[in-house]
Amino acid sequence: MSNREGLKEFFGDFRVHLMTGISYMMPAIIVFALFMVLSQIPGGTQGMMSALSEYAQMLIVPVMTTFIAFSIAGKLTIVPGLVVGLMADQMGMGFIGGLIVGLLVGYTVKMIVVLVNKTGGGQVIDLLASFLFVPILVTFVIGGLTYFVMAEPVSNAMTSLTNWLNSMSDINAVGLAVILGAMIAFDMGGPVNKTAFAFAVGAYTEGAYAVSAPVLVAISIPTLAMALAPFLAPKKYNDEEKHASKTAIVMGLIGLTEGAIPFAAVDPFRVIPSIMVGSAMGAAMAALMGISNTVMIPALIGLSGVNKPLLYLVCHIIPVLITAFLVNLLKKEVVEEEV
Amino acid sequence: MKLIAVTSCPIGMAHTYMASAALKKAGEKLGVEMRVETQGSMGIRDRLSSKEIKNADLLILAADVTPLEPERFRNKKTFKVTTSKIIRNANKVVQEALDSLSEEN
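Going line by line, the protein sequences match chains A and B. The working numbering applies: residue 1 is where the first sequence begins, and numbers increase by one. The working numbering applies: residue 1001 is where the second sequence begins, and numbers increase by one.
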C-alpha cells in the first residue's frame, strides 16, 4: 500500500463521517422539538415535557460529536466524544465546535489504535489502551485543547455567525433560501442536498429558525410536484412513473425528496430544473413570509412547530402546482416503446 | 457468482431501500445471486449470516453512513459505491463490481 492510499484509508470519507453524525443526531432533534411543542400545553405535564425537551437539547451536539468520532474510529470514541462534545457545546461552541471536536477525537483515537496494532497488541496492551490510555488521554488532551485553546475563538465566531444569520436583510435571506432550496432539489437526497440540509441543521442548532425553515419547505416540493404531475398529464408518463407517483404522495407528505428520483432518472434534463425552480421558489416564499419552524421536521409533521401554519401550506401548494405545470410543459408525450 | 450487499443512508428511510430494490433487480437481470442487507433507520434488516458472508464472492458496500457491525466484513473483498449511483444505474454498478472481480483473477 502506498503512502497516499494509507492516508486515504486513515482519513476515510469526510462526508460519510459528517453524515453519520447527523444521522444519529436527528432523533435527538426530533425529541427536543416535539417535547418543546408539547410543553406549551398547560397542565400537570408541562414541567416534565419541558425538562425532557431541555435535556434532549443538551444532547443534540454531543451526540453528533460522538457519532462523527464513532464513524472514524468505532466504540472507543464514545465516552471522550460525549464528554468533550458536551463540554464544547456548553461552552458555546455549537454545531461547528461539535464537528471539530468530533473529528479530533475520532482521528486521535484512530491514531492510537493504529499504533497499538503496530505493536501487535496482546491482552495487557489492549487492556491498558482501551480502559486507561484511550478514554483518559484522549479526553484529557482534546478536552484541554477545547477548553483552553478553541472554546473562546470558536464560540465568538459562532455568536457572530448566529447574529449575522438572524439579522440578515430580507434580500439576503431570500437569496440564501433560493440557493439552499435549489440545492435540496438538485440531487434529491444526494450529497448536494445533504450539504444544504447540514447547513440548515447547523443554523437550527444555533436557533436561527428563520434560516432552517425555508430549507425544510424545499424538501417535500419536488416529490409532491412529481406526485401531482402525472395526474395532470397522464400521457406524458409511462406506467412505471404513474406507479411511482402514488408512492410519491406518501413520501412527499412525510418529507422525503427521494420520491422524485424515479422521474428524474427517466428524464433528468426536464425534471431536475423544474423541481429546482419549485424548491427554490418555496424556500424564497417561506423566507419572504418570515416563516420559522421550531421542529426540524419537514412536511406535515413539521406543521406542529410552524409559526404561520396557513402561509406554510401556501409555500408548499403554490410551488408544487407551478412545478407540476412546468414539468408537464417541458415534457413530451411518451411514445410506446417496443420492448 | 454470489454477491452480497449492504445499503445505508443518513435518514435511513428512502435511499437505503431504493438501492436495495435496485440491486436485487439488477442481480436478477444479470443472472447473479444477490443478497442485500439494509441498514435503515430501524437498524439492520435481512441480516447477512456469517455463512452467507463467507460464501460470497464480493461485497457491494453502499454505505452513505458508516455501516453497523463492520467487523463482520473484515478481509472480505469489497466494492464501494454510493446508494445514489445504484439507484441511477444498478445494472452498471453490478457489472462494474463483477469486472473488478475478474480483473483481479
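Treat the hints as calculated values from the structure; they're not laboratory data. Where is the CB? At the ideal position from N, CA and C, for every residue including glycine. Incorrect hints may have been included.
Looking from chain B toward chain A, a few residues come up when the C-beta cut is under 7 Å (computed) [stated by the list, open to error]:
1. P1010
2. A1014
3. L1061
4. L1068
5. N1091
6. Q1095
Estimated spans, in silico, between C-beta atoms of each pair [said to hold, decoys possible]:
7. A/L38 / B/K1080: 48 to 54 Å
8. B/K1002 / A/K246: 42 to 48 Å
9. B/E1096 / A/T45: 38 to 44 Å
10. B/L1068 / A/V37: 47 to 53 Å
Result set (DSS-like, lysine-lysine): computed pairs, CA atoms no more than 27 Å apart in a straight line [claimed, not checked]:
11. B/K1024 / B/K1054
12. A/K246 / B/K1025
13. A/K242 / B/K1054
14. B/K1077 / A/K110
15. B/K1024 / A/K246
16. B/K1051 / B/K1076
17. A/K110 / B/K1080
Going through the hints against the structure:
{"no.": "1", "hint": "P1010", "verdict": "4 Å, holds"}
{"no.": "2", "hint": "A1014", "verdict": "4 Å, holds"}
{"no.": "3", "hint": "L1061", "verdict": "11 Å, violated"}
{"no.": "4", "hint": "L1068", "verdict": "10 Å, violated"}
{"no.": "5", "hint": "N1091", "verdict": "12 Å, violated"}
{"no.": "6", "hint": "Q1095", "verdict": "17 Å, violated"}
{"no.": "7", "hint": "A/L38 / B/K1080: 48 to 54 Å", "verdict": "42 Å, violated"}
{"no.": "8", "hint": "B/K1002 / A/K246: 42 to 48 Å", "verdict": "35 Å, violated"}
{"no.": "9", "hint": "B/E1096 / A/T45: 38 to 44 Å", "verdict": "55 Å, violated"}
{"no.": "10", "hint": "B/L1068 / A/V37: 47 to 53 Å", "verdict": "31 Å, violated"}
{"no.": "11", "hint": "B/K1024 / B/K1054", "verdict": "20 Å, holds"}
{"no.": "12", "hint": "A/K246 / B/K1025", "verdict": "21 Å, holds"}
{"no.": "13", "hint": "A/K242 / B/K1054", "verdict": "41 Å, violated"}
{"no.": "14", "hint": "B/K1077 / A/K110", "verdict": "23 Å, holds"}
{"no.": "15", "hint": "B/K1024 / A/K246", "verdict": "22 Å, holds"}
{"no.": "16", "hint": "B/K1051 / B/K1076", "verdict": "13 Å, holds"}
{"no.": "17", "hint": "A/K110 / B/K1080", "verdict": "21 Å, holds"}
Checked against the numbered hints listed earlier, the structure breaks hints 3, 4, 5, 6, 7, 8, 9, 10, 13; every other hint is satisfied.
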